[in-house]
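Chemist: Those protein sequences? They're chains G and W, same order as listed. Quick note on our numbering: the first sequence kicks off at 318 and runs consecutively. Quick note on our numbering: the second sequence kicks off at 52 and runs consecutively.
There's no promise every hint is true.
[Claimed, not checked] Quick list of simulated restraints, FRET-style, between CB atoms:
| # | chain 1 | residue 1 | chain 2 | residue 2 | range |
| --- | --- | --- | --- | --- | --- |
| 1 | W | Leu211 | G | Glu383 | 45 to 51 Å |
| 2 | W | Gly102 | G | Glu383 | 46 to 52 Å |
| 3 | G | Leu362 | W | Gly550 | 26 to 32 Å |
| 4 | W | Pro358 | G | Ser348 | 33 to 39 Å |
| 5 | G | Glu379 | W | Glu355 | 20 to 26 Å |
| 6 | G | Leu362 | W | Ser198 | 32 to 38 Å |
| 7 | W | Val408 | G | Asp378 | 29 to 35 Å |
| 8 | W | Lys76 | G | Asp372 | 40 to 46 Å |
| 9 | G | Asp372 | W | Glu355 | 32 to 38 Å |
[Said to hold, decoys possible] Result set (SDA-like, lysine to any residue): computed pairs, CA atoms no more than 25 Å apart in a straight line:
| # | chain 1 | residue 1 | chain 2 | residue 2 |
| --- | --- | --- | --- | --- |
| 10 | G | Lys374 | W | Ser292 |
| 11 | W | Lys493 | G | Glu386 |
| 12 | W | Lys302 | G | Lys342 |
| 13 | W | Lys302 | G | Val375 |
| 14 | W | Lys474 | W | Ala138 |
| 15 | W | Lys466 | W | Thr369 |
| 16 | W | Lys137 | W | Leu524 |
| 17 | G | Lys342 | W | Ala193 |
| 18 | W | Lys554 | W | Thr523 |
| 19 | G | Lys342 | W | Lys466 |
Hints are computed from structural coordinates only; laboratory data are not their basis. Glycine residues also receive a C-beta, built at the ideal position from the N, C-alpha and C atoms.
Listed here are the chains, written in short residue letters.
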Amino acid sequence: MNPEIKKAVRAFLVDNFMFRGEIDKLPDSSSLVKAGILDSVGILLLISFMEDTYDMKVSDDEVEPENLESVDNITAFIERKAKGGAS
Amino acid sequence: MRIEDLLKRSARRFPGKAALVFENKILTYGELDDLSSRFANALLAAGSERGERVIIYLDNSIESVVAIFGTAKANGIFSMVNSMTKASKLSFIVGSLRPRFIVTQTRLLGTCNEAVANAPFVEQIFVSDDFEAGLGPPEPLASRRRSFWRVVEAAVAAELLPPAIDLDLAYVSYTSGSTGVPKGVMMTHQSSVMGAGAMIEYLESRDDDVILSIIPLSFDYGLYQIIMTAMLGATLHLELSFAFPNRIMRKLASEGITTFPLVPTTAAIIVGLKGLGPGSAPTLRCITSTAAPLPPAHSARLQELFPSARIFSNYGLTETIRSTYLPPEELKNRPTSVGKAIPNTEAFIVDAQGQRVGPGVVGELVIRGANLLRGYWQNEEATEKVLRPGIYPWEKTFHTCDLFVADPDGFLYFKGRMDDVIKSRGEKVAPREVEDVLYQLKGVREAAVIGVPDPVQGLAVRAVLALEPDCTLKARDVQVHCARYLEDYMVPSSVEFRGELPKTESGKIRRRELQDEAARGCET
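Construct the entire structure; sequences and hints are all you get.
Modeler: This is the structure:
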């Protein structure tokens, strides 16, 4: 998995949700929803972050746990989308 | 009748039926009855007495429900605290209720420990998940911690429970007060059961209902989903969050959901889902919404998406459980009305002298009924302001501080607040509480918090600030600072900077002027 993307995802989470939980101590594979970091508004912020930063488009049917629930899933999702995209 | 009697009765009628479903775990009525009795006995063994307070500081979970009914069975008083609540507010609630018992979970232990650091009267903290394996911070108060499940499993299930009646307090629920100090709404079992019964009556709920709730149990709208479920003998699918709407939408069909309670912000997300077509939830009979009325475009789209569902727009305050509802057949003609009083209650509008007014005249909404609070916890001054003498010598009516107007047919419309409280996403936000936090920020010279009209939130919270000359704070810094101390719904969704704020001759900030300005700005 691309360490740069993972780092950027973690930085985004810390910037936006630092007071919802201890993001630094959370393993990459843990559910961000169960950790109280992501809720429905948080998911919307995450999507705009991904779209703005990685020049990608997230469709409604991609808003699923397997794409967005953990740092690992988000990183893999961005990688997949970036490969399939214009670059 | 008390809350736990509802559960016991359904457990006798339907011992093997699913009462609660959470993350693929199913709890039957028999099991829920048994587990809650064990938790009650564990409390009693630890010396819990009549009226003992138990704070339940948890995400939606099986443990919250067991703790609710268990506390009631021990004749204690439960207090649901939102898991978003930060240490400073939790500490206030702990200081106010002086509970001997708290139920929480590993991820909230840090906040919880901070809040009980100076509360030696808190004897036991029950942790719902396996804290040894978890992420919990090392903490100095380990001697007070217990594993919730180990305690429940070790306790006896036999019903050795104390006698109790429905005039006992069931719960205390904290709500924002205009002075910035939270107020604890005291509800008896009698009020709770009456409120639940009235809602079941007009919603025409049944024992074969399957309810899916994404609403936190700490919000009374969420709490009453489980109380109504227990009263009916129905099934509740409890969800942790609405973060993945597609998953919830699929569940509506796969689990045969009949009842789906919403708030306007979740309705806005659902109507915005592009992949969703009409008829995807064929078993849905009932959609309820509370807080602000749904924008008419949203209720129309919901009806299109869920043609089999009747949509109920409701209004209520923690102090009344539920006050009014709009019959679904009126939604088309009066989409912005919140309807009329719920069964067996009265809702009417009075002028400043307390006289009832006719249609078209704006005044304060007053509620009469058995569903009312008995007062605010240890706050007689606030209680006297809202609970005023009623028609009979023993009776009190509740003054909502909400301004309403009625149309010629008696349907009610919300017009605003009499105090400064902002109603945002159905929650009450006291400007004072947010301003106090803003003033802690270095460089903030003047601060006012106002509500800006928003189609989905009702009002969106905005901070208007004047900074010290050399201060370089950005909107984002302000929001991050607020998020540290306040629940999400209180964090300003916008921040406006000005050279100075309008003030009275005596130097008091004219919040009202800023508020009116924002309201005018949105009309144009």
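Chemist: Next, verify each hint and record whether it holds.
Modeler: Structure-based check of all given hints:
1. W:Leu211 x G:Glu383: 45 to 51 Å: 48 Å, holds
2. W:Gly102 x G:Glu383: 46 to 52 Å: Once the Cβ atoms are compared, 48 Å apart, the range 46 to 52 Å for G:Glu383 and W:Gly102 holds.
3. G:Leu362 x W:Gly550: 26 to 32 Å: Check passed, 31 Å falls within 26 to 32 Å.
4. W:Pro358 x G:Ser348: 33 to 39 Å: For G:Ser348 against W:Pro358, whose Cβ atoms are near 35 Å apart, the range 33 to 39 Å holds.
5. G:Glu379 x W:Glu355: 20 to 26 Å: 24 Å, holds
6. G:Leu362 x W:Ser198: 32 to 38 Å: 35 Å, holds
7. W:Val408 x G:Asp378: 29 to 35 Å: For G:Asp378 against W:Val408, whose Cβ atoms are near 52 Å apart, the range 29 to 35 Å is violated.
8. W:Lys76 x G:Asp372: 40 to 46 Å: With Cβ atoms ~41 Å apart, the hint holds.
9. G:Asp372 x W:Glu355: 32 to 38 Å: 34 Å, holds
10. G:Lys374 x W:Ser292: 24 Å, holds
11. W:Lys493 x G:Glu386: At roughly 36 Å apart (the allowed maximum being 25 Å), G:Glu386 and W:Lys493 break the hint.
12. W:Lys302 x G:Lys342: 32 Å, violated
13. W:Lys302 x G:Val375: 22 Å, holds
14. W:Lys474 x W:Ala138: 23 Å, holds
15. W:Lys466 x W:Thr369: 19 Å, holds
16. W:Lys137 x W:Leu524: Answer holds: W:Lys137 to W:Leu524 is near 23 Å, not above 25 Å.
17. G:Lys342 x W:Ala193: Holds, at roughly 20 Å.
18. W:Lys554 x W:Thr523: Judged against 25 Å, a Cα distance of about 23 Å means the pair holds.
19. G:Lys342 x W:Lys466: Answer violated: G:Lys342 to W:Lys466 is near 47 Å, above 25 Å.
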